[in-house]
Each structure stands twice: as C-alpha cells, then as structure tokens.
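A.B. asks: As given, the protein sequences belong to chains A and B, one line each in that order. Taking the UniProt record's numbering, the leading residue of the first sequence gets 1, the next gets one more, and so forth. Taking the UniProt record's numbering, the leading residue of the second sequence gets 1, the next gets one more, and so forth.
Treat the hints loosely; a few may be bogus.
For each label pair, taking beta carbons as the anchor points, the in silico distance ranges come out as [said to hold, decoys possible]:
id: 1; chain 1: B; residue 1: N11; chain 2: A; residue 2: H19; range: 28 to 34 Å
id: 2; chain 1: A; residue 1: G11; chain 2: B; residue 2: M1; range: 48 to 54 Å
id: 3; chain 1: B; residue 1: A297; chain 2: A; residue 2: D59; range: 21 to 27 Å
id: 4; chain 1: A; residue 1: G74; chain 2: B; residue 2: T154; range: 43 to 49 Å
id: 5; chain 1: B; residue 1: A297; chain 2: A; residue 2: D171; range: 36 to 42 Å
If you are wondering where the hints come from, they were derived from the structure by calculation, not from laboratory data. All C-beta atoms in this analysis are idealised placements derived from N, C-alpha and C, irrespective of residue type, glycine included.
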Amino acid sequence: MGLSGFRAEVGFRVDGEPHTLAVDTRSTVLDVLRDTLGNTSPKKGCDRGQCGACTVLLDGRRVLSCLVLAVTAGGKDILTAKGLAANGRLHPVQQAFLDNDALQCGYCTPGQVCSAVGALDEFADGKPSHAGDVTAEPELTRAEIAERISGNLCRCGAYTAIISAIEQAADA
Amino acid sequence: MRPFDYRTPANAVTAVQAVTEHPAAAFLGGGTNLLDHLKLGITHPDLLVDVTSVTADTIEDFQGGLLIGAAARNSDIAADYRVRTRYPALAEALLSGASGQLRNMATAAGNPLQRTRCPYFQDPTTPCNKRRPGSGCAAIGGFTRGHAILGASTHCVATHPSDMAVALTALDATVHVLSAQGERTIPFAELHRLPGADPTRDTVLDHGDLITLIELPYSPIARQSRYYKVRDRASFAFALVSVAAALTVTDGVISDARLAFGGIAHKPWRANRAEQILIGEPATDATYRLAAEHELADARTLDGLDGGNAFKVPLLIRTVVSVLRRLAEEPR
C-alpha cells in the first residue's frame, strides 16, 4: 500500500468491474463509490452507521459502506444494488420489492435490497438472530425478518411491505 | 476530519510497535466506532494501524473452553455452534447488539473497547471530562436517562455500551494482551475501570496494548446462561439495563450462579454480592429479588431534564428476577 502523503493506492472490484484508484486515506467506500466512481446506488443517509441506506455486500457480506475506509477494501469484491441485476434481469429480491410495493420514496431501497440479500444468505447459512432461540435452528417468520433488517430504516414506513417482499424472495 | 496515515503491519508485534512508538496512533479493527468518532471530531489520530489481518479471526477449542481471535467478527462468534450451545448468553448478547451489518464488521476485541454513547461525550461542543479532561460534565444535570447508577463519580456518569462485554464478564472470560513488554492476560472483569477522577480511561489498557485473544474457560454453568436486554425499542438500540446470568439449581436450591449487569455503570458490572446471596438459597423470586436489591444497595440515581434515571433500579431488579426465574424453570 502506497504511503506517500496521506493518499494510498487501492484496488477492488465494484459490481464485477476492477478499479485501481489513489484515494485519500480518509475516504469511505461510500464516498468513493458515489463521488469517484459515479455509482449512486448506495445512498448517504446518516453517514454514521445508523440508517443502513449505504449497505453494500463486501465479499458477500452486508456491511455499511459509510463506515468502511476505502484503503481497507483492497482486493475485495463490492456489490451494490446496481450490480445485483445481472444480464438485464432483476435479482429476485429486487423483483419482490417491486411486486410488493415495498417502497415509497425509494431512497432507502438500494440499502434495503442489499441488506435483504445479505440477511437471506445469513439465514440460509443457519445463522441465528435475536428473534429466536440461539440454541435452535432459526425459522424465517415475519418477526425474524424484521429483526434481521432492523439496521435499515425507512422513513416512509414501508416495513410491512418490505417484510412481505423478503418473504417472497425467500420462497423464490 | 484530520488527515491520517494508514498502515497494514506484517504481524501483531510490528502493529504494537507502530502504535507504541507513535503517541497519536490508533489501532483500526472493524472501525464501526472509530470512524464515527473521526467524523464527529472527537478523536484525532494521525496514524491508523490496521490490525484486522494480524490477529486471528477464528474460534478454537482450548482446554475445554474456546479461544476467540481478536479479529473474529461479532456475527461469526454469535453463529458459532459451540458458542451458541456452551455460552448461549454470549451469542444472545452479541445478537442483541447493533444491526446485522454492524455485527458483520465489528470485531471481538473492538466490541468491548467501544466507547460510551453518552450524547455529551459524542458532542464536541459540550464539556466532557472523558473527552477533554477538566472541562466538566454536561451530563450531570442534563439528560441522564441513559446514565450510570453504580460506580459513577462527580467527574463522569457515563455507561459502557457493550452487550458482549457484559456476557464475557459474567462468563469469567480472560483477555490476552500483547504489548511492547510482552504478553499478559487480564481477567475480563478487571479489563474495564470505574471513572473516578480520570474518566478518559475506559480500561486498564495502556497505549499500544493490543488484545489478541479472548479466552472463554471450560464452564458447565455457562450452558445454562441467558442475556436479557431492556431498551427503548425492540432492536438496534443500546441497553437501558441488561443482565447476563447463569444458574445451577439442584433440588430447588441454587448451587452456583453468575451475574453481570449492563447499561448501569462505567464498566460491565459483575454482581459479586448478588451471587453470594443466591448461592445456597431456594430458587425463588424472593431470593432473586433480595440478591438484586442487595447488589443495588449503593445505587445512586440522577435527576435530569428528561426525568432522570431512577427507573433503572426497579427495572434492573425485575430484569434480574425475570432472567433467573427463566433459567430455573426452563433449563436449556
């Protein structure tokens, strides 16, 4: 990692495309995605890890891109909601959000979608949540889904439909 | 945010060396708390030393217990079957904290070292002895709903925010620490400190001390453990009060107990007095209540613009009774 001044060179893939950039060490993944690479799919809501609008998948795991320094993402795969649609076809979670009217203004939606994809992967791996008994296999009830996506706020209050969308995607 | 340099050291020894030699350096783990502080302008390191690749991120069997690598992510610890079955209070504590995204980022060592969520500590425009020594405490006489009822001082009434640390305190964990002088271990219950006259220090660690492992000892009682957390909303909120408890009941009599409280002090609070009262007594609500009341005999509550924090005393007593009753009536 280059150390001249406080800029450093870093390489990572975004939605499958490799990028090598010189970044300010203070830059977050969110700022690099939006301001340097022009990928405005992840949103800057609070910029403090409290709203979830900036959620992306980092090496397959959902994280908050506002709290990841870009210099720490070297060699990693970053997947945004934009990149979830492959070959012109929406990801099943994206389609389920449309089918269930799981949004109003849409600002939180890319983060909700990435969070839902990550949450469903975690559930498929048998990972527990606070909504169930940690010593048992989890069941994907609506309460489970609500708990697992509690890090994504929706000021329009579309939660009921968001949970329905995630139920549909889980069954897909 | 002030500029800072960033380094990825080759190993833990060079990481410790880099921070020790550099007074304004900081270790970077998951970064979830540190990045927030950088943006808020309440910490100003000029060098970040990334330690996520120089300590283990695995969980290993060790002498009947477990060794959790400092870089293990909170979500991976909570999902580990050995943790879930042998130390369920730890899995429950981890899963009750933060959000799915944050748990994927936060590390084993970083979680207990996160700093208070006192709103005045997080606001650089207000006096705070923890952030700026000698500047005063805006919390005293301010909004006090979240603040301490045990062990506070006239300098600081902040609470420790970690759920994980409360479970580790109850379950007799130990931290392995690497410093420029070598390795040492610290019982988890002695890692955090009370504010006294120097609230700037949350723990007994010195600048450059790096937690490398968290050790959970072999503990049959830990299989009968639970973590209860009471908060203002059902998810993604810090504790008003929390209780990590483990209980062994033989023929209706409590033969062993572990108890620690969160949300009520500057450190995770091991309830030694309450444990002493519980052991040898009948497993009844009256016993649980007496033990909790005894632990809280020295509680000092705060008035405040928001009605204060006196509610924490009855809330904590009821939470203790509730979790101990559940452990006695529904063994895992």
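A.B. asks: Is 36 to 42 Å respected by the C-beta to C-beta distance linking A297(B) and D171(A)?
C.D. replies: violated (54 Å)
A.B. asks: Does the Cβ pair G74(A), T154(B) satisfy 43 to 49 Å?
C.D. replies: Taking Cβ atoms as reference, G74(A) and T154(B) lie about 47 Å apart, which means the hint holds.
A.B. asks: Does the Cβ pair G11(A), M1(B) satisfy 48 to 54 Å?
C.D. replies: violated (24 Å)
A.B. asks: Please check whether N11(B) and H19(A) have a Cβ separation lying inside 28 to 34 Å.
C.D. replies: At roughly 29 Å between Cβ atoms, H19(A) and N11(B) fall inside 28 to 34 Å, so the hint holds.
A.B. asks: Taking the CB of A297(B) and the CB of D59(A), does the distance hold inside 21 to 27 Å?
C.D. replies: violated (50 Å)
In terms of the numbered hints stated before, the structure departs from hints 2, 3, 5, listed from lowest to highest.
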